[in-house]
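Peer 1: Listed below are the residues making up each chain.
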Amino acid sequence: MKYIKGVHRHGSEFILTIKKDIKTNAILNIEKTSTTIKGIRSLISEYEGMRWYNKRSKHKILSKLTKFTETYQKLEITPNEEFFHIDSKVPFIKLKYFLDLTIDHYIEAWSEYKNLPFAPIHGDLSLVGNVMFNKDNEVLIVDWEQFDDSMKIPTGLDIIIMLMENIYYEELKFKKIKKSTKKHFINSVYNLNHAKLLSPLLFHNTTSKALDFINSHLGIWKGQHFKLPALKLSKNTIYEMDNKISSIL
Amino acid sequence: MSHIYNYLSKIYPNFSKGIFLSGKSGYWSNFSKDQNKIFFELLESTNCRTAIDTFAPQLRDMIFSEHREAALELLDHDKKGICIDYGAMWGVLTFGMAKRGHHVIAVDKTYDSLKFIYHRMREEKLESISLVQDDLNDINFSEIADYALVNGVLEWIPEKTDVVVDDYYDHKKSKNLNNIASKNLKNPKQMQLDFLKKVFDSLKSGGKLLLSIENRYNYEYFLGKADPHSNILYTSFLPRKISNLISRIFKKKDYRTYIYSFAELKILLKEAGFSEINDFCCFPHYQFPSLILPNSKNGILDYDAYENKDRITLKQKIAFKIELFLMKFLKARNFCPSIIIVASK
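Note that the protein sequences, when read in sequence, are chains A and B. Each residue of the first sequence is one higher than the one before, counting from 1 in my numbering. Each residue of the second sequence is one higher than the one before, counting from 1 in my numbering.
By construction, these hints were calculated from the structure, which means they are not laboratory data. Watch out, some of these pointers could steer you wrong.
DMTMM-like, lysine to aspartate or glutamate: derived pairs with alpha carbons at most 25 Å apart [as the list claims (entries may be wrong)]: (1) B:K33 / B:D112; (2) B:K198 / B:D162; (3) B:K321 / B:E307; (4) A:K227 / A:D148; (5) A:K74 / B:D78; (6) A:K67 / B:D76; (7) A:K38 / B:E124; (8) A:K58 / A:D104; (9) A:K74 / B:E127; (10) A:K227 / A:E76; (11) A:K5 / B:E307; (12) A:K5 / A:D87; (13) A:K173 / B:E307; (14) B:K79 / A:E76; (15) B:K331 / A:D87; (16) A:K74 / B:D61; (17) B:K266 / A:D21; (18) A:K74 / B:E124; (19) B:K80 / A:E31; (20) A:K5 / B:D304; (21) A:K2 / B:E307; (22) B:K328 / A:D21; (23) A:K152 / A:D104; (24) A:K5 / B:E276; (25) A:K67 / B:D146; (26) B:K37 / B:D112; (27) A:K64 / B:D78; (28) B:K197 / B:D162; (29) B:K297 / A:D21; (30) A:K227 / B:D304; (31) A:K38 / B:E123; (32) A:K60 / A:E108; (33) A:K38 / B:D53; (34) B:K328 / B:D302; (35) A:K89 / B:D302; (36) B:K189 / B:E155; (37) A:K5 / A:E81.
For reference, chain A alone in the conformation it holds in the complex (with noise of 0.2 Å):
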């Protein structure tokens, strides 16, 4: 059984095709293709991307790039079925551990950008779409249509956007953060910098340092910048938890 799942969506420009089997509905393909110049870039972005991601993952994203033509291809991911992804609605308590386990698999994999100020970055680490689990509580991340390896981009930018979509649901949905949601953000980025991971661009103020580099360099997000939570955060907020983090870094 095949489908479409998605056309041009958050400002893409790539058809999304599953393929799920009749009867087990377990999803057996992803294809996503293009015919346009952005939507073929960002196809070519995300199987670089898988390639880097493997080299470095001990779980690897089986992708295949065809170029059918030079104005049509398809990029073919076979998922890896014993990975999952977390539910929107889960506690905090729970979703405070997947995003340890999510800044414990950053380390590792871009374990080999310590102390540099510039890494590739995967441009959407939502912990919710893009990164998934397994029952041993391994990590995969996946989605890289975003993906830029120009080492151009901050170090730990990927964490800090992640833990600033974080505070961004919460603030919406009871309308204050939390003390332990506060504290957990400023640890985590405390341990980033421990691990080398925090580029020096990001010490001070590093949640305004975030959006203003964000904001700067829109061109990496391929025109889905608007996607992204962080850029939704109240300027209290921002504020506040840059207070914070430079009283600890």
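Let chain A serve as the given structure and place chain B on it in line with the hints.
Peer 2: Same frame as chain A, but now just chain B:
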């Protein structure tokens, strides 16, 4: 692809300015003949995209957007082949298939539409397109195509009057349309069946048809959205005889633009000879699909809210909430907005 040229030359000896000509007349366009004349004068001095942006910017996405090509991915078209785009109009799917590496025979009764495709072909340096001007009711291709596209065309097959889209939908202007033509015509369903048989004949064994059409039982028609072709309330789902009566009263013409339910369409395709018919629920419309799900119990489970830039008014937003309820909770897939079919010969 000289063998395609030779094949078409035998059927259409008259070839002029890149188009094989049948000698028959017919007209279906977003522009009137006078507008087309002005448009082509403009096109002489600029490229297709700029000309459309200048002359009819509201049609830009309709003509050029790759978003519209999504259903082509259901065809499993990895093997390069020959595709016939029946009723190619502006050529959005013709270009979609050509860019995917196939040779496309774009057939349309409207000469001006083919002339536009010809201009765009030259601009985009896509040589793998052959243009044929003919009435779709009279085509006669035999086992030449690997793929056939019938995108928003089947419902128009029985309509023999000239159509300028906006005028056709406008009740006052449409009263001026000549209704005499329909008096000597066969029943609309029979004409659609005859056409589908011709499409079937044009396919090689194992060839695939991609057909897109509005769903007769689209939930929106029950909520007060007008029939997409007659522009009258309720005619899509009422019995044909009653719809015909309503159309005669309000439009002074017969109701001929038949659309179908899933079951009716599958029967029609089987009658035309097709086997292995896979049907899909398409949201929000086949012209700009965002979600195309198999019409099955499991298929509709993957229904989820999707982006739609045309969801602007309060009425549209409420309608979408109703759609969410119908599809996500009631799994009422037979009331989806559009139908897409992939059928094999």
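Peer 1: If a hint holds in the structure, say so; if it doesn't, say that too.
Peer 2: Here is how each hint holds up against the structure:
Of the pairs offered as hints, the one joining B:K33 and B:D112 holds, with about 8 Å between alpha carbons and a cut-off of 25 Å not exceeded. Between B:K198 and B:D162 the alpha-carbon distance is near 22 Å, which keeps this suggested pair within the 25 Å criterion. Restraint check for B:K321 and B:E307: satisfied, since their Cα atoms lie roughly 13 Å apart, inside the 25 Å limit. In summary, the hint linking A:K227 to A:D148 is supported, as the alpha carbons are separated by about 17 Å, within the 25 Å threshold.
A C-alpha spacing of about 10 Å is found between A:K74 and B:D78, which places the hinted pair at or below 25 Å, so the restraint holds. Simply put, A:K67 and B:D76 have alpha-carbon atoms about 15 Å apart, close enough for the 25 Å limit, and the pair holds. As the CA atoms of A:K38 and B:E124 are separated by approximately 17 Å, the hinted pair is consistent with the 25 Å bound. Annotation: proposed proximity of A:K58 to A:D104 holds, straight-line Cα distance about 13 Å (limit 25 Å).
Distance restraint check for A:K74 and B:E127: the Cα-Cα separation of roughly 22 Å lies within the 25 Å cut-off, and the hinted pair is therefore satisfied. Taking the CA atoms of A:K227 and A:E76, the gap is about 24 Å. The hint holds against a cut of 25 Å. Distance check on the hinted pair: A:K5 and B:E307 sit about 12 Å apart at the alpha-carbon level, within 25 Å; holds. Under the criterion of a C-alpha separation no larger than 25 Å, the hint pairing A:K5 with A:D87 is consistent with the structure, at around 19 Å.
With a CA separation close to 22 Å, the supplied pair A:K173 and B:E307 stays within the 25 Å bound. Of the supplied pair hints, the one linking B:K79 and A:E76 holds, its CA atoms being roughly 16 Å apart against a limit of 25 Å. At roughly 22 Å between alpha-carbon atoms, B:K331 and A:D87 fall within 25 Å of each other, so this suggested pair holds. Of the supplied pair hints, the one linking A:K74 and B:D61 holds, its CA atoms being roughly 23 Å apart against a limit of 25 Å.
Distance restraint check for B:K266 and A:D21: the Cα-Cα separation of roughly 23 Å lies within the 25 Å cut-off, and the hinted pair is therefore satisfied. Between A:K74 and B:E124, the direct Cα distance comes to roughly 21 Å. Compliance with the 25 Å bound is thereby established for this hinted pair. A threshold of 25 Å between alpha carbons decides the hint, and for B:K80 with A:E31 the separation of about 18 Å falls inside it, so the pair holds. Under the criterion of a C-alpha separation no larger than 25 Å, the hint pairing A:K5 with B:D304 is consistent with the structure, at around 9 Å.
Annotation: proposed proximity of A:K2 to B:E307 holds, straight-line Cα distance about 21 Å (limit 25 Å). The straight-line distance between the Cα atoms of B:K328 and A:D21 is roughly 21 Å, inside the 25 Å bound, and the hint therefore holds. Using a Cα cut-off of 25 Å, the hinted pair A:K152 and A:D104 holds, with the two alpha carbons roughly 23 Å apart. Distance check on the hinted pair: A:K5 and B:E276 sit about 22 Å apart at the alpha-carbon level, within 25 Å; holds.
Using a Cα cut-off of 25 Å, the hinted pair A:K67 and B:D146 holds, with the two alpha carbons roughly 21 Å apart. The suggested pairing of B:K37 with B:D112 holds, with an alpha-carbon distance near 9 Å, which does not exceed 25 Å. For the hint pairing A:K64 with B:D78, the CA-to-CA distance comes to about 14 Å; that is within 25 Å, so the pair holds. Restraint check: the Cα-Cα separation between B:K197 and B:D162 comes to about 24 Å, which is no more than 25 Å; the hinted pair holds.
Straight-line distance between C-alpha atoms of B:K297 and A:D21 comes to about 13 Å, which keeps the hinted pair within the 25 Å bound. As the CA atoms of A:K227 and B:D304 are separated by approximately 18 Å, the hinted pair is consistent with the 25 Å bound. For the hint pairing A:K38 with B:E123, the CA-to-CA distance comes to about 19 Å; that is within 25 Å, so the pair holds. In summary, the hint linking A:K60 to A:E108 is supported, as the alpha carbons are separated by about 15 Å, within the 25 Å threshold.
Taking the CA atoms of A:K38 and B:D53, the gap is about 21 Å. The hint holds against a cut of 25 Å. Between B:K328 and B:D302 the CA atoms are separated by roughly 9 Å; this keeps the pair inside 25 Å, and the hint holds. This hinted pair checks out: A:K89 and B:D302 have alpha carbons roughly 19 Å apart, not beyond 25 Å. A hinted pair counts as satisfied when its Cα atoms are at most 25 Å apart, and B:K189 with B:E155 qualifies at roughly 9 Å.
For a cut-off of 25 Å, the pair hint linking A:K5 to A:E81 stands: about 19 Å separates their Cα positions.
Comparing the model with each earlier hint shows no violations; every hint is respected.
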